[in-house]
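Peer 1: Here are the chains, one letter per residue:
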Amino acid sequence: MSSETQLAQFIISGITTGSIYALIALGFCIIHNATGIVNFAQVDFVSLGGLMMYTLLLSLGLPLILSFALAVLTVTAVGALVERLAIRPARSRAVIVLIFITIGASIFMRGGFKVLWGKNQMALPHFSGESPLVILGAAVLPQSLWILFITLAVVGLLHFFFSRTRIGKAIRATSYNPRAAALMGVNVNRMILFSFALSGALGAVAGIIIVPITTLSYEIGVMLGLKGFAAAVLGGYGNSIGAVIGGLLLGVLESLGAGLISSTYKDVMAFAILVTVLFVKPSGLLGYGDSERR
Amino acid sequence: MLEVRNLKAYYRGNQALKDVSLEVNQGEIVCLIGANGAGKSTLLNCISGVHEDQAGQILFEGADITLATAQARVKMGIVQVPENRQLFGPLTVEENLEMGAYLRARRISSAELNREIQGIMERFPALKSRGRQRAHSLSGGEQQMVAMGRGLMSNPRLLLLDEPSLGLAPILVREVFRTVEELRNEARTILLVEQNALGALAISQRAYVLETGRVTLSGSARDLAENDGVRRAFLGHDVLAQ
Ligand SMILES: Nc1ncnc2c1ncn2[C@@H]1O[C@H](COP(=O)(O)OP(=O)(O)O)[C@@H](O)[C@H]1O
Ligand SMILES: [Mg+2]
Numbered sequence: 002m003s004s005e006t007q008l009a010q011f012i013i014s015g016i017t018t019g020s021i022y023a024l025i026a027l028g029f030c031i032i033h034n035a036t037g038i039v040n041f042a043q044v045d046f047v048s049l050g051g052l053m054m055y056t057l058l059l060s061l062g063l064p065l066i067l068s069f070a071l072a073v074l075t076v077t078a079v080g081a082l083v084e085r086l087a088i089r090p091a092r093s094r095a096v097i098v099l100i101f102i103t104i105g106a107s108i109f110m111r112g113g114f115k116v117l118w119g120k121n122q123m124a125l126p127h128f129s130g131e132s133p134l135v136i137l138g139a140a141v142l143p144q145s146l147w148i149l150f151i152t153l154a155v156v157g158l159l160h161f162f163f164s165r166t167r168i169g170k171a172i173r174a175t176s177y178n179p180r181a182a183a184l185m186g187v188n189v190n191r192m193i194l195f196s197f198a199l200s201g202a203l204g205a206v207a208g209i210i211i212v213p214i215t216t217l218s219y220e221i222g223v224m225l226g227l228k229g230f231a232a233a234v235l236g237g238y239g240n241s242i243g244a245v246i247g248g249l250l251l252g253v254l255e256s257l258g259a260g261l262i263s264s265t266y267k268d269v270m271a272f273a274i275l276v277t278v279l280f281v282k283p284s285g286l287l288g289y290g291d292s293e294r295r
Numbered sequence: 002m003l004e005v006r007n008l009k010a011y012y013r014g015n016q017a018l019k020d021v022s023l024e025v026n027q028g029e030i031v032c033l034i035g036a037n038g039a040g041k042s043t044l045l046n047c048i049s050g051v052h053e054d055q056a057g058q059i060l061f062e063g064a065d066i067t068l069a070t071a072q073a074r075v076k077m078g079i080v081q082v083p084e085n086r087q088l089f090g091p092l093t094v095e096e097n098l099e100m101g102a103y104l105r106a107r108r109i110s111s112a113e114l115n116r117e118i119q120g121i122m123e124r125f126p127a128l129k130s131r132g133r134q135r136a137h138s139l140s141g142g143e144q145q146m147v148a149m150g151r152g153l154m155s156n157p158r159l160l161l162l163d164e165p166s167l168g169l170a171p172i173l174v175r176e177v178f179r180t181v182e183e184l185r186n187e188a189r190t191i192l193l194v195e196q197n198a199l200g201a202l203a204i205s206q207r208a209y210v211l212e213t214g215r216v217t218l219s220g221s222a223r224d225l226a227e228n229d230g231v232r233r234a235f236l237g238h239d240v241l242a243q
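Going down the list, the sequences are from chains A and B. When you number the first sequence by our numbering, it's gap-free, plus one each residue, and the end is 295. When you number the second sequence by our numbering, it's gap-free, plus one each residue, and the end is 243.
A few of these clues could be false.
To be verified - Just the calculated beta-carbon pair ranges, DEER-fashion:
1) S263/A to R13/B: 55 to 61 Å
2) E53/B to F101/A: 51 to 57 Å
3) R107/B to T6/A: 53 to 59 Å
Said to hold, decoys possible - What the simulated footprint calls covered on chain B by chain A, stretch by stretch (three residues with Cβ under 8 Å from a Cβ of chain A suffice, anywhere in the stretch; the number is not a length):
4) 112-120
5) 180-186
Derived by calculation from the structure, the hints in this document are not laboratory data. Computed from a prediction, not measured in an experiment: that's the story for all the values here. All C-beta atoms, glycine included, are put in the ideal place defined by N, C-alpha and C.
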C-alpha cells in the first residue's frame, strides 16, 4: 500500500469515528445550552441506542429501519424521563448539583443495562454488507458511508430545526435568556425537556450506527462519550459548529496518530490533543457557545 | 382591568414588596415611579407571573390570576417589556420579533407573521434595514425599539413597560414617550415604570409612588407632579434642568 492510500485510509476512518464524536458532542452542547450543565448521562444514551438496536433487530427480529426508529424513539423517551424524573424535581438549580444528578442517573442507567443485557460483548450486523468499496485507493466499509451519510443528515435536520422551526427558535431563545423567554410565554421547563429528549436521540443515533463496526456492551458509550465530550470542549463547549468540527478533528488526529505513531496510545491521543488546545486557547477552537447563564 | 391587592414579594426571605395595592383601568397610562431598589421591577415580575415567592392577590378583568402561569398571562394579553431590554442577543431582529408572537405563531400563517413584523418596522423605521442583524449588534435606542416591538408582537392588552427610557439619549427618550402615548391611543392599557418621573407623569393619567416596597403616594399624574415631596424626591434633577 502506498503512503498516500494509507493516509487516505487513516483520514476516512478518522472521519468515521469523528462523526460519532460530533453527534455525541452535539448532544452535550444542546443540554449545556438549555441548562448550563454537563450531562454525564449522555454516554449512556449512546450505549442504550446500541443495546435497544440489538434487542429489536436480533432478539425480536424486527426489520432494520423499524428497529432503528424504535431504538431512537426509546432513547428519546429515556432522555425526556431523565429530565422529568431527575432534573426537574431537584430542589436546587445550582449547576454543580444538577451535574451530580446526571452522574447519579448515569450510574443508575448503566447498572440497569448490566442487569438487562448482561456483561457480555455483543455484535450487530453492518447495515448493508461488509465488503469494502475502494475510494481513492482506500478500502471503505459500506457502514462508514452509512455513518457519514446519517451524520450529515442529522446535522442538516438539526440545523433546520434550530433555524426554521418555532420550537427550535424558542429553545435557542431560552438558552440565551430564559427569563425573557418566559416573559414571551415560552414554557422554559418544556424547552429543557425537549433538549434532553433531543440529546437522547442524538446519542442513540451515534450508538446505533457505530456499533456494527465495534462491539456492543452495556458500557460501550463510556469511552465514545468521553471522546464526544472532549470534542465538545475542543470546539468550544456549547458551540454546535465547534462540536462538529471538534468531533471530526479529534477523529482524524486520533486515527492519524494511531496509524502513524502507535495504536497503543490511541485513547491517550484524544486527551493529549484536548489538553494542548486548551493550554493555547482555553475557550476551545471556536469559543464558547453564546448561552448566557446565571 | 388590573387590580393588585396586598401584594408581598420576597427574595430569600428579604421582603421587596410590602402590601402593595394598585389598580389600572382600561385605556389608561398609569405610571409607577420610585428610586432604584424600590421594588418596581419586582412588582412587574409578580404581575407577569415570573416571580415565585409572593403572597397577595392579582386580578385581571375580574378573574383571579394569582396562580396563573406566565404563559397563561401572556395569552390573556399581559405582556412585559423588561428592564434593560433583555433581547435574545445572538438572534436576529426578526427572530426576536417573532419570539414575541411565540404563543400566537401556531395560529397565524407565516405570511401574516411577516406582515406583522413589517408593521413593527413601519412603526420603528430605524429597524427597517436591520431585520437580519443580530440584536446585540444594535445601538441602545434600537435595542429598546426591538424590545417594545417584541412586546407588541404578543398583541398585548396590558403592556408593562419597565424603564423603557433607561440609558437613552434625550432625543430617544422623547421618542419612547411618544410611542407610549401612541400605544394608548391604539386602545392599549399601559403600566409604565420610570425613574424619569417628569416625562412619565406628563403622559400618564394616574401615578403611584413606590418607596422601599410600599406605595407611599398615589393620585392623578397632574397632582403628583405638583406634589412637593414628589418634586423634591424625584423631580429635583429634572426641574433644575429645565
Ligand atoms: N434577584 C434578586 N435577588 C435578591 N434581591 C433582589 C433581586 N432582585 C431585586 N432584589 C432586591 O429587591 C428590591 C427591589 O428590587 P427591584 O424590584 O429590582 O427594584 P427597582 O426595579 O425599583 O429598582 C431591592 O432591594 C433589590 O436589592
Ligand atoms: Mg427595576
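Peer 1: Would you check chain A against the stretch 112-120 of chain B, counting CB to CB pairs closer than 8 Å, and say if three or more residues qualify?
Peer 2: Violated - the stretch 112-120 of chain B has 0 residues with a Cβ nearer than 8 Å to chain A, which falls short of three.
Peer 1: Could you tell me whether the CB distance from S263/A to R13/B stays inside 55 to 61 Å?
Peer 2: holds (56 Å)
Peer 1: Between the beta carbons of R107/B and T6/A, is the distance compatible with 53 to 59 Å?
Peer 2: holds (54 Å)
Peer 1: Taking the beta carbons of E53/B and F101/A, is their distance inside 51 to 57 Å?
Peer 2: violated (24 Å)
Peer 1: Taking a Cβ-to-Cβ distance below 8 Å as contact, does the stretch 180-186 of chain B have at least three residues touching chain A?
Peer 2: violated (count 0)
When the structure is compared with the earlier hints, violations turn up for hints 2, 4 and 5 and for no others.
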